[in-house]
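Produce the entire structure from the sequences given, and follow the hints as far as they go.
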Amino acid sequence: MIPLLKRLGLNKYTVDQKPHIEVNTDICLTCKDKPCTVSCPAGTYEALPDGRIAVHYERCLECGGALVICPFNAIKFRFPEGGVSYNYG
Amino acid sequence: MSFDADLIIVGGGLSGLSAGITAVKEGLNVILLERGEYSGAKNVSGGRMYVHALLKLIPDALERAPLERPITKETFEFYCDNKKKLTISFEEKEKKNSYTVLRAKFDRWLASEAESLGLLISYSTLVLNVYRENGGITLETNRGVLKTPLVIDASGVTSIVFRSLGLRRFTPDKWMLGVKEIVKTDLNLPEDEGEVRTIVGLIKGVKGGGFVYTNKDTLSVGMAVTFDSLPKSEFPAKDLVEGFRERLGIEGEILEYSAHAIPYFGYKNLQQLYAENLIAVGDSAGFLINDGFTIRGMDLAIGSGIIAGLAAKKIIEMKDFTKTNIYYDMLKESFVLKHLELAYSRFELLNKAYVLNTYPEVLCNLLSDMFTVTEERKTLIDDALLRLKEKGISLSQALRDILSVAK
Numbered sequence: 001m002i003p004l005l006k007r008l009g010l011n012k013y014t015v016d017q018k019p020h021i022e023v024n025t026d027i028c029l030t031c032k033d034k035p036c037t038v039s040c041p042a043g044t045y046e047a048l049p050d051g052r053i054a055v056h057y058e059r060c061l062e063c064g065g066a067l068v069i070c071p072f073n074a075i076k077f078r079f080p081e082g083g084v085s086y087n088y089g
Numbered sequence: 001m002s003f004d005a006d007l008i009i010v011g012g013g014l015s016g017l018s019a020g021i022t023a024v025k026e027g028l029n030v031i032l033l034e035r036g037e038y039s040g041a042k043n044v045s046g047g048r049m050y051v052h053a054l055l056k057l058i059p060d061a062l063e064r065a066p067l068e069r070p071i072t073k074e075t076f077e078f079y080c081d082n083k084k085k086l087t088i089s090f091e092e093k094e095k096k097n098s099y100t101v102l103r104a105k106f107d108r109w110l111a112s113e114a115e116s117l118g119l120l121i122s123y124s125t126l127v128l129n130v131y132r133e134n135g136g137i138t139l140e141t142n143r144g145v146l147k148t149p150l151v152i153d154a155s156g157v158t159s160i161v162f163r164s165l166g167l168r169r170f171t172p173d174k175w176m177l178g179v180k181e182i183v184k185t186d187l188n189l190p191e192d193e194g195e196v197r198t199i200v201g202l203i204k205g206v207k208g209g210g211f212v213y214t215n216k217d218t219l220s221v222g223m224a225v226t227f228d229s230l231p232k233s234e235f236p237a238k239d240l241v242e243g244f245r246e247r248l249g250i251e252g253e254i255l256e257y258s259a260h261a262i263p264y265f266g267y268k269n270l271q272q273l274y275a276e277n278l279i280a281v282g283d284s285a286g287f288l289i290n291d292g293f294t295i296r297g298m299d300l301a302i303g304s305g306i307i308a309g310l311a312a313k314k315i316i317e318m319k320d321f322t323k324t325n326i327y328y329d330m331l332k333e334s335f336v337l338k339h340l341e342l343a344y345s346r347f348e349l350l351n352k353a354y355v356l357n358t359y360p361e362v363l364c365n366l367l368s369d370m371f372t373v374t375e376e377r378k379t380l381i382d383d384a385l386l387r388l389k390e391k392g393i394s395l396s397q398a399l400r401d402i403l404s405v406a407k
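For the protein sequence lines, the chains are A and B, in the order given. In this text, residue positions in the first sequence follow the UniProt record's numbering: the first is 1, and each later residue adds one. In this text, residue positions in the second sequence follow the UniProt record's numbering: the first is 1, and each later residue adds one.
Quick caveat, the hints were computed from the structure, so don't treat them as lab data. This structure is a prediction, so every number in the text was calculated from the model and none was measured. The beta carbon of each residue, even a glycine, is placed where N, CA and C say it ideally should be. Take the hints with a grain of salt, since some may be wrong.
Chain B stretches covered by chain A per the calculated footprint, using a threshold of three residues with CB under 8 Å from any CB of chain A [said to hold, decoys possible]: (1) 161 to 174; (2) 242 to 250; (3) 253 to 262.
Straight-line alpha carbon distances no greater than 30 Å define the calculated DSSO-like cross-link-like pairs of lysine-lysine that follow [what the hints assert, rightly or not]: (4) A:K34 / B:K352; (5) B:K232 / A:K32; (6) B:K216 / A:K12; (7) B:K174 / A:K32; (8) B:K323 / A:K6; (9) B:K232 / A:K6; (10) B:K216 / A:K6; (11) B:K105 / A:K12; (12) B:K147 / A:K18; (13) B:K174 / A:K76; (14) B:K174 / A:K34; (15) B:K204 / A:K6; (16) A:K32 / B:K184; (17) B:K25 / B:K352; (18) A:K6 / B:K184; (19) A:K32 / B:K352; (20) A:K76 / B:K147; (21) A:K34 / B:K204; (22) B:K184 / A:K12; (23) B:K232 / A:K34.
Structure follows, in structure tokens:
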């Protein structure tokens, strides 16, 4: 299995200065299942031992899933100015 | 009130470009906003296009468009458990009805066609906010503010314009996640042949299936599953395509890894398609057909784009931007809504959680019994009833499901 980061590294990214994803991690503390961590195809959301979520916004594949993944509206997502671009699509 | 254009199209994918090409041919003053550096830079699709709508837009497209391969072979594979698999395959040589495409190449070509017809495309332009003002729509972008009386929202499944105006409500069961890898490979196939494999049941827990498409010298390998089923999957979303590809035994250099959300509304659950000053096309309108045999989005995108371009002309001529229902009326008369409606019973059937798992398993067990000869032998119908009963499905339920396929 090719590690995720190596797979993501195949794409071209222009990383924005400001994150295009913001997470209210206080809400994450109350979320047991943390569906964002299993439902994001880029591993953008990582569960931390303290019960919060770390966001690796630079990995984002811009699938749009963040708009429906979180059942508690803890994730604020807008499309980045730069972001990922595809050669094949 | 002065406007920057008669019509602004948000999104330079298939639906936006088709609307733009049509509107420019109709003589409208149009601006198209595309957030990628080029059309196709942000697009991801499984990669199969039924070309009838494209040929309406560009009649000689088959000679000129960067298509990959015509699909001449369809294979459906159902994995019942680790040991049983049912395969159905159909070949039709010289068929030119659908082609594999790579969107970064294809959309770029279509955009160049549109630009040569006079469509103004503003690249790297991201719409940040949308609001109504003075009888029109104001679009705030990273490159400044634009005002127009009519917008075609072709921004994809997340429909930025409709969403900003509070006209979209999303739930995870109505969205699928598509994940895909492009794998370099040596295909031992003549240039005018291509295969689509649809694979169900190989990855347990998820609602949806996988695909392998043959491109010119690569394979598109991917899965499309509902977001709400992902927490039950054998693999987390980030490893889904890897697990799938490895189980299929496909090897080769991986060239790209991509993902995209897919609208999964179905005819009866479609979101609002038009509002004052506003029209939705393609994925932004939720136009996807999955009837189990064909999965279509691209022809619906092009078809709805063409209709939106024609409707825009009528609306602008009338100078009444409340009359966007003209678009819907034209859509109802077209293949787009007719096919969506026709496909709905099968779409609904596939949406039932048990269908993609249970029926293939029942069929596999039946076939296994048929090919096993011992002294104990039941009639086929008795065996079928027993196998259905094991799964808790009544005969009447099975008949209802079978009939909905025939609709």
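Each hint, compared with the structure:
With 3 residues carrying a beta carbon less than 8 Å from a beta carbon of chain A, the segment 161 to 174 of chain B meets the three-residue requirement, and the given coverage holds. Given a C-beta distance limit of less than 8 Å, the hint that chain A covers the segment 242 to 250 of chain B holds, as 3 residues qualify and 3 suffice. Against chain A, the segment 253 to 262 of chain B contributes 8 residues with a C-beta closer than 8 Å to a partner C-beta. That satisfies the three-residue criterion, and the hint holds. Of the supplied pair hints, the one linking K34 (chain A) and K352 (chain B) holds, its CA atoms being roughly 25 Å apart against a limit of 30 Å.
Under the criterion of a C-alpha separation no larger than 30 Å, the hint pairing K232 (chain B) with K32 (chain A) is consistent with the structure, at around 15 Å. Proposed proximity of K216 (chain B) and K12 (chain A) is supported: the alpha carbons are some 22 Å apart, at most 30 Å. Pair hint K174 (chain B) plus K32 (chain A) holds up; C-alpha atoms about 23 Å apart against a cutoff of 30 Å. For the given pair, K323 (chain B) sits about 51 Å from K6 (chain A) by alpha-carbon distance, which is inconsistent with the 30 Å threshold.
About 25 Å separates the Cα atoms of K232 (chain B) and K6 (chain A), which keeps this hinted pair within 30 Å; it holds. Pair hint K216 (chain B) plus K6 (chain A) holds up; C-alpha atoms about 25 Å apart against a cutoff of 30 Å. Restraint check for K105 (chain B) and K12 (chain A): satisfied, since their Cα atoms lie roughly 15 Å apart, inside the 30 Å limit. Distance restraint check for K147 (chain B) and K18 (chain A): the Cα-Cα separation of roughly 27 Å lies within the 30 Å cut-off, and the hinted pair is therefore satisfied.
Using a Cα cut-off of 30 Å, the hinted pair K174 (chain B) and K76 (chain A) holds, with the two alpha carbons roughly 20 Å apart. Between K174 (chain B) and K34 (chain A), the direct Cα distance comes to roughly 20 Å. Compliance with the 30 Å bound is thereby established for this hinted pair. Among the hinted pairs, K204 (chain B) with K6 (chain A) is consistent with the structure: their alpha-carbon atoms are about 25 Å apart, no more than 30 Å. Note on K32 (chain A) and K184 (chain B): the hinted pairing is violated, with a Cα-Cα distance of about 40 Å set against a maximum of 30 Å.
Of the pairs offered as hints, the one joining K25 (chain B) and K352 (chain B) is violated, with about 44 Å between alpha carbons and a cut-off of 30 Å exceeded. For the hint linking K6 (chain A) to K184 (chain B), the alpha-carbon distance of about 16 Å falls within 30 Å, and the restraint holds. With a CA separation close to 27 Å, the supplied pair K32 (chain A) and K352 (chain B) stays within the 30 Å bound. For the suggested pair K76 (chain A) and K147 (chain B), the alpha carbons sit about 26 Å apart, so the restraint of at most 30 Å is met.
Taking the CA atoms of K34 (chain A) and K204 (chain B), the gap is about 20 Å. The hint holds against a cut of 30 Å. With a C-alpha separation of about 18 Å, the suggested pairing of K184 (chain B) with K12 (chain A) holds against the 30 Å cut-off. Between the alpha carbons of K232 (chain B) and K34 (chain A) the distance comes to roughly 13 Å, so the proposed pair stays at or under 30 Å and holds.
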